[in-house]
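**Q** Please model the entire structure based on the sequences and the hints provided.
There are 2 protein chains.
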Amino acid sequence: MNKKAIDSVSIKEMDSDVVDAVTIDCTIFGFHEGTLEVLLVQHAEGISKGKWGLPGGWIKKNESIDNAAYRLLRDLTGIDNIYLEQLRAFGSPERFPLSRVITIGYYALIKKEDYRLTPGFTASAVKWYKVKEVPELIYDHAEILETSIKRLKRRVRQAPVGFNLLPEKFTLLQLMHLYEEILEVEMDKPNFRRKFLRMKLLVPLNEKQTDVSHRAAQLYKFDPKIYKSLTERGFNFEF
Amino acid sequence: MNKKAIDSVSIKEMDSDVVDAVTIDCTIFGFHEGTLEVLLVQHAEGISKGKWGLPGGWIKKNESIDNAAYRLLRDLTGIDNIYLEQLRAFGSPERFPLSRVITIGYYALIKKEDYRLTPGFTASAVKWYKVKEVPELIYDHAEILETSIKRLKRRVRQAPVGFNLLPEKFTLLQLMHLYEEILEVEMDKPNFRRKFLRMKLLVPLNEKQTDVSHRAAQLYKFDPKIYKSLTERGFNFEF
DNA sequence: ATTTCTTATAGTTTGTTTGACTACAAGTGT
DNA sequence: ACACTTGTAGTCAAACAAACTATAAGAAAT
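If you read the protein sequences in the order shown, they are chains A and B.
For the record, in the first sequence the residue sitting at position 143 is 129 according to our numbering, with numbers rising by one throughout.
For the record, in the second sequence the residue sitting at position 32 is 18 according to our numbering, with numbers rising by one throughout.
Rather than coming from a laboratory, the hints here were simulated on the basis of the structure.
Incorrect hints may appear among the rest.
[Said to hold, decoys possible] Incomplete in silico selection of chain B near chain A, CB under 7 Å:
1. Val8
2. Ala75
3. Pro79
4. Lys98
[To be verified] Below, simulated EDC-like cross-link-like pairs (lysine to aspartate or glutamate); rule was C-alpha separation at most 16 Å, straight line:
5. A:Lys136 to B:Glu31
6. A:Lys139 to B:Glu218
7. B:Lys139 to A:Glu218
Small disclaimer: the values here were computed from a predicted structure and weren't measured.
A virtual CB, placed ideally from N, CA and C, is assigned to each residue, including glycine.
**A** This is the structure:
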């Protein structure tokens, strides 16, 4: 084991509150009016001033990387209890221009209507962008975003994580549109309905849509127990 | 952005050859006589002297983390051109007793018979263990191994990565046993054969098994082109 | 050299799932 | 009352899966 390296770690940590060389960057997905969106921040200071990027920050000495991600999200959006999953580490030597910094990518799914966003201290602006209309991003954030999208596409077919993007009550068609948008495919209504209902994940409510100018659709919520067991055992959705 | 942190990164890197606080640990899988095995090293020095762990090491300043993983594997096993994939970062604050070290987990698949192993400079011994018989591991390596196994189980159903564990030429039954071992299930020979052949991934060779005391089975290799396209598009094997 | 054993490979059967449709129901708005 | 829109149910042929049976090809035993 490399003694020199270990020693320099110890020294470094004595005069710093953060683990220097490792950051977190997080892709936050939302779903609004049939389109998938991501949350970007405009940096207020530093070499990337004015540019857009994924929200992120440094990992503190005494927190796990997962907790660091939760903390960063809480500071940014004001809420806990978010669906959050680590993507992987990104570590090209050139990815950050000033020095060698490895970043750990995360992606989160949130029910958009639940939260009001407040720009954090390090960001001058926070804004939702449609996934297909994101501007140029700093560093390697385009790659991280790309990886997040791929992961979401994969994940959504293995576990019903899509629910984390929808409001509590939703119609089958909304759910189908979510899948269509994420997977970039077109689906057949009757078939989707049949398949999804068969797996008993949805609980029909005693409610219907309101304020629509056509026949109101049944509202559903998902059954947390079945959701949990399906998520754990790694289900397989084919659409 | 945290100025203090960036400054301390720059300073640190001037007097050190490695990115201090980040290591790599790699689960190397092999397949031998129907059982899945992992390669462990016994540490020769340091606080974990004598104990078994996953092979790993520090990331150098000018290499990407993927390249660091390839380098470590090359040093240990003497070969490039290995199937290697990042798992994720592990970063509990207590995972490493001396200081805060984040590690990035990888897992690799190798064709066992292709390589002779040589213990590297930091390890006193290198040994294959059956996955079900691994001894107690240092730090959080048990968790990393656990994650690797889960990932392998998942991955093997989405892409034909299993081939990386088999010799060039193999029989359908060997292939089936590989799946049975990894997924911990029993399968039906005729059904497995039919399913696998249907996807046109296997090329029958003009050869049969030799040295077996029963009817010799057809040998196959896999078609690299179809393998590639299947791996990229994320196929879905259900067995 | 015939039988027996083991494993390879081919086929059958039954029930389920899919994909592409059609048809009808329930509301709105004119 | 009518058209229009979206929701929901049902049909049908083709593909597929799971469980099985049957046969083929050798090697070893008698």
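**Q** State for each hint whether it applies.
**A** Hint by hint, here is what the structure shows:
no. : hint                 : in the structure
1   : Val8                 : holds, 6 Å
2   : Ala75                : holds, 5 Å
3   : Pro79                : holds, 5 Å
4   : Lys98                : violated, 27 Å
5   : A:Lys136 to B:Glu31  : violated, 42 Å
6   : A:Lys139 to B:Glu218 : holds, 14 Å
7   : B:Lys139 to A:Glu218 : holds, 14 Å
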